[in-house]
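There are 2 protein chains.
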Amino acid sequence: MSSPDGRTSSEETREAIMEATFRALSKHGYADLRMRDIGEEFEMTRPVIHYHYNSKHELISSFLEYVIAQYKDDDTIDAEDHWDHLGIRIDQCMFGPDIDGFDHWERMTVYHELFSQAQHNETHRELFNEHYEGMVVGLADVLQAGIDDGTFAEVDAMEFSQLLTDVIHSARARRISLGQNDAPEQARTAIDRFVLPRLVPNVSVEIPTTE
Amino acid sequence: MSSPDGRTSSEETREAIMEATFRALSKHGYADLRMRDIGEEFEMTRPVIHYHYNSKHELISSFLEYVIAQYKDDDTIDAEDHWDHLGIRIDQCMFGPDIDGFDHWERMTVYHELFSQAQHNETHRELFNEHYEGMVVGLADVLQAGIDDGTFAEVDAMEFSQLLTDVIHSARARRISLGQNDAPEQARTAIDRFVLPRLVPNVSVEIPTTE
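Heads up: the protein sequence lines correspond to chains A and B, in order. Position one of the first sequence corresponds to residue 1 (full-length UniProt numbering), numbered consecutively onward. Position one of the second sequence corresponds to residue 1 (full-length UniProt numbering), numbered consecutively onward.
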C-alpha cells in the first residue's frame with residue numbers, strides 16, 4: 001500500500017477505496033449499502049473516503065467505472081484463425097479474463113446487481129450502455145474480420161454480436177441470481193451448437209413461412 | 001371492489017393489496033420500498049395489509065407469485081403449424097400476453113428488479129427458478145412436437161429452448177435497465193435470422209476446428 005517514501009499515493013488510495021467498496025457491496029448488496037459499511041472494509045481512516053468522494057452515489061459510479069475497466073478488451077489474443085479468435089472472445093466475456101487471483105463471479109455479482117438498478121440512475125445507465133456497446137463492438141470486429149475474408153457467412157456483424165452478448169449476459173445472470181452454477185457452460189455449448197453454425201458460409205437455409 | 005352483499009371478499013382484498021404493491025414497487029423500486037409506501041397506494045386501511053401479511057418479505061414473495069401467475073403458459077394458441085406456434089410462443093415471452101390494459105413492460109420492470117435481487121432471498125430464488133423452468137419447458141414442448149414429426153431438426157429441445165429464453169431475458173433486461181427500447185424487436189429479428197435457421201431439418205453444417 002505504501003510508496004518507497006512511506007506515503008500512500010493517490011492512485012493507491014483510490015484502489016484501496018474501490019476494493020473496500022467491492023467487499024462492502026459483496027457483503028451487503030447495493031440496496032442496503034451505507035457509506036459506513038464501506039468505511040468498515042477500509043484500512044485507512046474513514047474521512048479519507050469522504051475526502052475523495054462527496055456521496056455514496058459518486059463513489060458507486062466511480063466503482064462501476066473501476067469494475068468495467070477490468071473488463072476492457074484484451075488485445076493480446078493469440079488465435080489460430082477467426083473461428084478460434086471468436087471462441088476465445090466469447091469465453092472471455094462469459095468466464096472472465098484469466099488472471100491469477102481475479103474472481104470473475106464475485107465481480108459479476110456486483111456488476112449484475114448494479115446493472116439491474118441502472119434504471120434508477122442515469123450515470124450508471126450511461127456507463128453500462130457504453131460498456132455494452134464496447135463488448136458488442138469488440139465481438140463484432142472479430143466477426144467482421146472473418147466475414148471480410150470469407151471465413152464466416154455474410155451476417156450483420158453487430159446484430160450477430162448483440163445476440164451472442166445477450167446469451168452471455170443471461171447465462172451469467174442465471175448463475176448469479178438463480179444459483180444455476182452450470183448456466184455459463186451450458187450456454188457456451190448452446191452457442192456452439194445452435195448459433196455459430198449460422199456463420200458457416202455457403203449454407204442456404206429457408207424457414208417456411210405460413211403467410 | 002365489493003361483492004353483491006357489500007362486503008369485500010378475501011380474494012378481492014388480496015388482489016387490491018397486490019396491485020398496491022405493484023404501484024409502490026414501480027414508484028419506489030425494491031431497494032427503497034417500505035410497508036408504508038404500499039399502504040399509501042392501498043385504498044383500504046393499512047391494517048388490512050398487516051392482517052394478511054406479517055412482513056414486507058412475506059408480502060413481496062406473495063407479490064412475486066402473483067406476477068408470475070400472470071405469465072403462465074397460454075394453452076389457447078391457435079397456430080397453423082409448428083413454425084407458427086413457436087413464433088407465437090417466442091413473441092408472448094418477449095412482448096407479453098396480448099390482454100387489454102395489461103402493461104407488460106411495467107410488470108417486467110418490477111419482475112427484473114426482483115430477479116436481480118433473488119440472490120439475497122431464497123424464497124424468491126425458488127420462485128424464479130420454478131418460473132424459468134416452466135418457461136423453458138413450455139417452449140421445449142413446442143419444439144419437441146416439431147422435432148417428433150420432422151418439422152424441426154433433431155436438436156435437444158430443452159437446450160434450444162433455454163437458449164431462446166436467455167436471448168429473451170437479456171433483451172427485456174436491456175430495455176428495462178439500459179433504456180434500449182428497441183432491444184426486444186431487435187433480438188426477435190436476431191432469433192429469426194441466426195437461431196431458428198438451425199431448426200430447419202436436413203442441413204448439415206460443420207464448424208472447422210483448429211485442434
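Calculated directly from the structure, the hints in this document are not laboratory data. Here the structure is a predicted model, which is why all the values come from computation and not from measurement. It is possible that some hints are incorrect.
[Unchecked claim] Listed below are several chain A residues computed to face chain B (Cβ distance under 10 Å; list not exhaustive):
1. 65
2. 69
3. 72
4. 119
5. 140
6. 173
7. 174
8. 176
9. 183
Beta carbons: idealized from backbone N, C-alpha and C, even for Gly.
Consistency of the hints with the structure:
1. 65: violated (16 Å)
2. 69: violated (19 Å)
3. 72: Not OK, violated: residue 72 of chain A not within 10 Å of chain B, min 19 Å.
4. 119: Nearest chain B Cβ about 5 Å off; hint holds.
5. 140: violated (13 Å)
6. 173: holds (7 Å)
7. 174: holds (7 Å)
8. 176: holds (6 Å)
9. 183: holds (8 Å)
Hint compliance for this structure: hints 1, 2, 3, 5 are not met, and every other hint is.
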